[in-house]
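The hints should help you fit chains B and C with the ligands onto chain A, whose structure is shown.
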Amino acid sequence: MRRENREREAGVMAVPSAEKFYAMLRSAAVAGLRILDEVPVIRIGTATCGIAAGALLVRDTFRDELNKRGIEARVMEVGCMGHCYAEPMVIITKPGFPSLCYNNVDEELAIHLVDDFLARGDPCYEFAMAALEPNDFFPTFQDFPRGIYEEKMILGDCGLIDPQEIDHFLARDGYLALCKALQTESNQVLQEIKKANLRGRGGAGFPAGEKWDMARKAPGEIKFVICNGDEGDPGAFMDRNILESNPHLVIEGMIICAYCVGASRGFLYIRSEYRQAVCRMERALEQAREKGLLGERILGSNFSFNLEIFTAAGAFVCGEGTALVKSMEGKMGIPEHRPPELAESGYLGKPTVLNNVKTFCYVPPIILRGARWFRDVGTPESPGTAVFALAGKISAPGLVEVPMGTTLRQLIDDVGGGVPHGKRFKAVQIGGPSGGCLPEQALDIPIDFDSLLGAGAMMGSGGIIVLDEDDCMVRIARFFLNFTQEESCGKCTFCRLGTRHMFRILDDIIRGKGEMGQLETLRRLAEDIKIGSLCNLGKTAPNPVLTTLRYFFDEYRAHISEKRCPALSCPELTVYFIEPKRCSKLCNVCIGSCPVEAIFTRDDGLKAIDQEKCVKCDNCLKACPPDYSAVIKLSPLSLLDERLGKNK
Amino acid sequence: MQEKDLIPVLERIQKKYGYLPLQALKSVARELGVPAVQVYGAATFFKQFRLNPPGKYQIEVCMGTACYMAGGQVALDSFERRLKIGVGETTPDGEFSLERVACVGCCNLAPVAVVDNVVEKNVTPTRVDGILLSLGLSEENKENKENSNAQGK
Amino acid sequence: MSKKVTITIDGRRISAHEGEKLLWVALDSGIYIPHLCAIRGQDRPPAGCRLCFVEVGGRLGPVTACTEPIREGMVVRTRTPRVDRLVETAFRLLLSDHRLDCKNCTKNGRCELQVIARERGLGPDRDPLQPLPAKTYIDESPRTFVFDPGRCVLCGRCVWVDQQVAGVGAIGFSGRGIRRRVTTFGDSNLAESPCTECGLCVEVCPVGALFFKLPAKKTKGDS
Ligand SMILES: Cc1cc2nc3c(=O)[nH]c(=O)nc-3n(C[C@H](O)[C@H](O)[C@H](O)COP(=O)(O)O)c2cc1C
Ligand code: SF4
Ligand code: SF4
Ligand code: FES
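Residue numbers (my numbering), protein chains in the order written: chain A, 26 to 673; chain B, 56 to 208; chain C, 1025 to 1247.
The hints are simulated quantities; they were obtained by calculation from the structure and are not laboratory data.
Glycine included, C-beta positions come from ideal geometry on N, C-alpha and C.
It cannot be assumed that every hint is accurate.
Ranges between beta-carbon positions, derived for each pair [stated by the list, open to error]: (1) Glu-494(A) with Val-142(B): 53 to 59 Å; (2) Gly-185(B) with Arg-363(A): 30 to 36 Å; (3) Gly-185(B) with Lys-1237(C): 58 to 64 Å; (4) Arg-434(A) with Gly-191(B): 46 to 52 Å; (5) Arg-1064(C) with Pro-364(A): 18 to 24 Å; (6) Val-142(B) with Ala-144(A): 49 to 55 Å; (7) Glu-545(A) with Arg-1103(C): 22 to 28 Å; (8) Asp-401(A) with Glu-1096(C): 43 to 49 Å; (9) Gly-185(B) with Cys-612(A): 28 to 34 Å; (10) Phe-231(A) with Gly-1133(C): 26 to 32 Å; (11) Thr-626(A) with Asn-1213(C): 58 to 64 Å; (12) Phe-578(A) with Glu-144(B): 37 to 43 Å; (13) Asp-168(A) with Glu-144(B): 49 to 55 Å; (14) Pro-147(B) with Arg-1142(C): 51 to 57 Å.
Covered stretches of chain A, as calculated for chain C (at least 3 residues, CB under 8 Å) [as the list claims (entries may be wrong)]: (15) 356 to 366; (16) 502 to 515; (17) 524 to 531; (18) 552 to 558.
So here's chain A without its partners, still in its complex pose (with noise of 0.2 Å):
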């Protein structure tokens, strides 16, 4: 510790040999590579999209069939592309073709493909999703909608590099940002990362420099970095993508910012329900320590960082700065009030730096490439790009990054390929639990940090969640209105008594039984808890209920005044109704589906439905052949009555 200080005082020199010590290990993992320009290459998204798809299936059938024909090949296992509605993917490169992209594989197209492709030589285009590079014969991903948008400064390479050897990284230019920032004085890397105004990923978007500036000018010889990847957002897994698809990445950035601001030790908090996360990053340390990347006196110079992992034990309010040192610290993950901020109290009361996943991804980049190159993408105020999760009901669901200032609209309707089935765009819910849910005439809104604010959502984790005619709002509101008063902390009474009463009151609502004037409540107690929490989670829990307010209250008054749910959505307030003119009688299907029992045939042959019996689990809707669509949802429930006398 006191030679990073004596260091610091010198004005950190240049170290000749990290260029030399970096250039070797380049050179070793680009000649270890080789072999893959060799044979064909057949790479599969084992990330845990990947593998919930059924990846592993499909890598052990790869691996079997081409044992079984002897054929010579890899099969590499790659994190994901984003592209998470044509998981399971496999990329197969083999020389004289253009390298394709397969969607949706399973063990036959495996095998066909092993027979056809790599025995042969039909590269079978009828099951190609896209080629990697451009060619004579087949589309890219750059022709795609979504390609025209999309701008990959961090997710480059996801999907495409083994993320358990460094190699492929190194092989990359990997870590030539590290060499670089190391035989530069600090102090101007930072300023470089001021220049860049790189703001932070993690929902906020404070400036990323800045924060770094006060840390490193912060008292004391010991200081932290640590990565925030608590992401706790329920609709959100792209710094869980990164993890598990480009961890060198991550720890390439976390080793640079400590170099800024002189820390010498480093923790990457991860969720422990992010198992696959955790296994891959530890090898990822681990192979970055063997090649001298991390450790002591990394790349040779006089710089010595120590990173490990922190496995978080699950609670969505330890993603808040001061909640999280304190969970690291043996103690439960109870926010405190600011000041002092992190970087100057921080772990175990150190400056710390706390940055999200992503932000940390950023900075290798523009080390390399100067802020201006940052800067020259997104907006003036929020440089750069920015990296969402779409899903919901939405064509293309997956991991995107665009420049910032992309339109939702765009985001929506071009990348994600807009609302499927045919049925009517209704909202947006970003940024999670912190965000809002934003109707069609928001659609035009940049997004960047500022934009977002001002329609009173947030630009939050990045989780975008497309809603659509059969989505309610009420109910939405109250999804995320549980979540955030069973993830408070409980300390302060804001969050802890004014969300669960917020909450009741919802529930109220979807149930029939709220009255007109608890929407004033409702609003007050909103406003209130903005202001009155302690902290940020706190603070934006109402966000969700006051953007439906704001821009879907016909919902809630008819939720209230009709007692009707105008998407035939909350259970509560619909029937299930079988139309005796639509229903064929001779088919029994609905019965079948029906898991308790209360379909029945009436006398007359027609079948109908015991009310009493039945839970609303939509099986009977979903089983009806598309040619009678004799179950349909009614909504209030009166109208049951009126259909019932009406057709005896």
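Same frame as chain A, but now just chains B and C with the ligands:
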């Protein structure tokens, strides 16, 4: 061991026993030199920790935003109905326990449930029956369970 | 100690040590600010009850007085429409989770909730909030006092004195969110906990959640 190692230590204990026995919490407190009630506080604060033994089969229903909107609640209701337990509970025979989890990151397969660490996609009520059947919860079994429950009371 | 500075609270000029927390400076000068969770001498006050809001010149929103160090020339207002509204909401929220039965409570007349109600003219009547289900369990196991969680406002004073002043560690917080409560290890009775019945926690409890069994055992100074 220091106070700051508390969470990793608890994680290790849970990995070993499947839950956090009170006795173990007490020894941890002694070991770390902190009040036992502080250890208890942390153990009850974090979602990962459980103070009761889990079932042989762990069923986790995703309640991420996308899964919720796609019918996650219906799936959870179905599990509760079939197993006759609520979230966070274990069946009396110790076979099944039911939990809800936040987004497992396969929103395009929604609604999903994680059954013994394997992701099950499109979990409709019918699929719930299928899953439970494959884990040995037969109709017959269900009846037995009902009977034994009734007798127990 | 640090130098003396002069600040203005509700038009009154007050001089005190720089960096001292505004809440205590105001209280010491006889200016009331509602408060439940703060304890004098805490390095980092919990700032959990959210009752001590005031407005400080130059600051955008209301701030909590228990965490606000005083600076030369600070201008403070303890009663503004924004502050009053926040205090009222926080008070009503706490009341919705408090088993109201003042008649039968030993703290009747000395309860801090009653003080707040009196000072701010807040009655329980206009309350639009449905009371939350009350906790019914009462721990009467200690020889000298009783713990009634149904009346607890979770200010944390008892936990603080137990751990920091008495150094016993018998009680602490458990759970999260609405399930947060003051309890012992494993939710056992206090009698089975390391509790020494020193009574410090009972003395600091601002409401009737912790109270002595015998009226004779009342303490001298309840500051
Ligand atoms: C309740 C709550 C949850 C949060 N969760 C996360 C999270 O999961 N990941 C994250 O990076 N930041 C999260 N944040 C924001 C962090 O507190 C912090 O601002 C961020 O990690 C700073 O990094 P950045 O400047 O790079 O964004 C959360 C904040 C709050 C109040
Ligand atoms: S706002 Fe909520 S989470 Fe934050 S300190 Fe208060 S109770 Fe805890
Ligand atoms: S028992 Fe009394 S002192 Fe302890 S937290 Fe509750 S109200 Fe505060
Ligand atoms: S006394 Fe300031 S928040 Fe409780």
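Do the hints match the structure? See the list:
1. Glu-494(A) with Val-142(B): 53 to 59 Å: violated (30 Å)
2. Gly-185(B) with Arg-363(A): 30 to 36 Å: violated (51 Å)
3. Gly-185(B) with Lys-1237(C): 58 to 64 Å: holds (59 Å)
4. Arg-434(A) with Gly-191(B): 46 to 52 Å: holds (50 Å)
5. Arg-1064(C) with Pro-364(A): 18 to 24 Å: holds (20 Å)
6. Val-142(B) with Ala-144(A): 49 to 55 Å: holds (50 Å)
7. Glu-545(A) with Arg-1103(C): 22 to 28 Å: holds (24 Å)
8. Asp-401(A) with Glu-1096(C): 43 to 49 Å: holds (46 Å)
9. Gly-185(B) with Cys-612(A): 28 to 34 Å: At 22 Å between Cβs, range violated.
10. Phe-231(A) with Gly-1133(C): 26 to 32 Å: violated (48 Å)
11. Thr-626(A) with Asn-1213(C): 58 to 64 Å: holds (60 Å)
12. Phe-578(A) with Glu-144(B): 37 to 43 Å: holds (39 Å)
13. Asp-168(A) with Glu-144(B): 49 to 55 Å: For Glu-144(B) against Asp-168(A), whose Cβ atoms are near 52 Å apart, the range 49 to 55 Å holds.
14. Pro-147(B) with Arg-1142(C): 51 to 57 Å: holds (53 Å)
15. 356 to 366: holds (count 3)
16. 502 to 515: Holds: 6 residues of the stretch 502 to 515 of chain A have a Cβ under 8 Å from chain C.
17. 524 to 531: With 3 residues in contact (Cβ-Cβ under 8 Å with chain C), the coverage given for the stretch 524 to 531 of chain A holds.
18. 552 to 558: With 4 residues closer than 8 Å to chain C, the stretch 552 to 558 of chain A meets the three-residue bar; holds.
Of the numbered hints given earlier, the model fails hints 1, 2, 9, 10; all others are met.
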